[in-house]
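Trainee: With numbering that gives the first Met the number 0 as the guide, the letters of the sequence shown map in order to residues 0 to 373.
Just so you know, these hints were derived from the structure itself, not from any lab. It is possible that some hints are incorrect.
What the hints assert, rightly or not - Pairwise CB distance ranges, derived in the manner of DEER restraints:
hint	residue 1	residue 2	range
1	Asn318	Pro230	24 to 30 Å
2	Ala11	Pro276	47 to 53 Å
3	Glu164	Ala80	45 to 51 Å
4	Ser115	Val213	25 to 31 Å
5	Gly39	Arg350	41 to 47 Å
As the list claims (entries may be wrong) - 27 Å max Cα-Cα, derived BS3-like pairs, lysine-lysine:
hint	residue 1	residue 2
6	Lys85	Lys225
7	Lys85	Lys178
8	Lys110	Lys225
9	Lys292	Lys325
10	Lys325	Lys178
11	Lys110	Lys178
Just so you know, even glycine gets a beta-carbon here, dropped at the ideal spot from N, CA and C.
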Amino acid sequence: MPTAECPPATDAVRAICTGISGTERVGFLDEVARLAAEAGRPVEIFDVREAMFQIAEDVGEPVEEETILDMFPPALVLLRAAALEKISSLCEQAGNYPDWIINTHAVFRWKNTLISGFDPYYLGRLRPDLYVTITAGVLTVRERLRRYPRWEETSVADLLVWREEEQWATEEMARIHHKPQYLLGRRVTPRSLFRLMFEADVRTAYLSYPMQHVEAAAERGLDAFKQRLEPRLVIFDPADVDDFVVEGAAPPDRSGATSGVAVVEGEGPAADPSHGPRELQHISDQIVFRDYKLIAQSDMVIVFYDVLVPSPGVISEMNYALQTGKQVYGVWLPTTEPSPFFTRYCTRWFRSEDELVAYFERIGVAEGTASGRR
0 MPTAECPPAT DAVRAICTGI SGTERVGFLD EVARLAAEAG RPVEIFDVRE
50 AMFQIAEDVG EPVEEETILD MFPPALVLLR AAALEKISSL CEQAGNYPDW
100 IINTHAVFRW KNTLISGFDP YYLGRLRPDL YVTITAGVLT VRERLRRYPR
150 WEETSVADLL VWREEEQWAT EEMARIHHKP QYLLGRRVTP RSLFRLMFEA
200 DVRTAYLSYP MQHVEAAAER GLDAFKQRLE PRLVIFDPAD VDDFVVEGAA
250 PPDRSGATSG VAVVEGEGPA ADPSHGPREL QHISDQIVFR DYKLIAQSDM
300 VIVFYDVLVP SPGVISEMNY ALQTGKQVYG VWLPTTEPSP FFTRYCTRWF
350 RSEDELVAYF ERIGVAEGTA SGRR
């Protein structure tokens, strides 16, 4: 991977990053900071949680990880306000920290109660340029949280609700202040957030493709196609969040795998992959909403279509994108003629990846200015 580069800029870039517990945001943001430092734009990472614990210890009233959410609510509000006051004061010293990311929760779901994780009052002082929510597959998050006693009884249903509330609350903060908000799957490379922050003209694309009726473990060229696009675009891939696998789990015996559970190379299904009907419906609804959100935050949609069987999901995404003002570029790979329901929702369509790439080179996608970035 080449060293990250960004054009010289005088404007500071400020971001609020949220996400539920178990999304491993800290490591992700540390890598973003490393890329920024290499590019000559050092980024300071402020962690609200760490600031709260440090302030409590400094005043001689330390709090414990396992019990902090059980604190008397006004005391918790005051402790969080003290942390945000400290962070805001540091951020206002622009000469010391021109570029920063604040890592925080938007909300907590604790004992069937919704608890605020951030005080919106401070947004007026901080004036962030963009908001980012890091998300991950629900089974992966549950497995990570089981390492901690206070979260070990958290159910899939609890996490589905919390994940949705975290995204909604962050999006509302961004909407009120007329700033962009991005939902990023944890599998997205940190370089993508680096580019969204520091390459003001970078364009974004949602990658749509059939996920069913594809032979398991078949080499379809999708990964290579995505790699061809990434130097030009920040790609939002729906597969960056998978609610049916635990990332990093040992590969299972494929001969006995359940057909209804997705399995990806190098990963295995959760120890308990079964979901009840209500959970399955909840997951399905969130998948549709999440994919539409990824389309909404993109400048364009690129369709990779390599099967003959119609894909209702792909056609729905194309329809949604076109009717919300997005350009839709389709790559039709089968030797047969595409369905009129495919071409109807394409701004332009191509017979090969090379044709699409050549078209992008001709219209200067790499140099194009993204709409509504900052």
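Trainee: Hint by hint, note whether the structure agrees.
Mentor: Do the hints match the structure? See the list:
The given range of 24 to 30 Å is respected by Asn318 and Pro230, whose C-beta atoms sit roughly 29 Å from each other. In this structure the hint that Ala11 and Pro276 lie 47 to 53 Å apart at CB holds, the actual value being about 49 Å. Distance hint check: the CB atoms of Glu164 and Ala80 are about 21 Å apart, inconsistent with the given range 45 to 51 Å. A hinted range of 25 to 31 Å for the beta carbons of Ser115 and Val213 is inconsistent with their spacing of about 43 Å.
Between Gly39 and Arg350 the beta carbons are some 42 Å apart, a value that agrees with the proposed interval 41 to 47 Å. Restraint check for Lys85 and Lys225: not satisfied, since their Cα atoms lie roughly 42 Å apart, outside the 27 Å limit. For the proposed pair Lys85 and Lys178, the alpha carbon gap of about 24 Å is at most 27 Å, so the pair holds. Of the supplied pair hints, the one linking Lys110 and Lys225 is violated, its CA atoms being roughly 42 Å apart against a limit of 27 Å.
Of the pairs offered as hints, the one joining Lys292 and Lys325 holds, with about 13 Å between alpha carbons and a cut-off of 27 Å not exceeded. For the suggested pair Lys325 and Lys178, the alpha carbons sit about 19 Å apart, so the restraint of at most 27 Å is met. Taking the CA atoms of Lys110 and Lys178, the gap is about 32 Å. The hint is violated against a cut of 27 Å.
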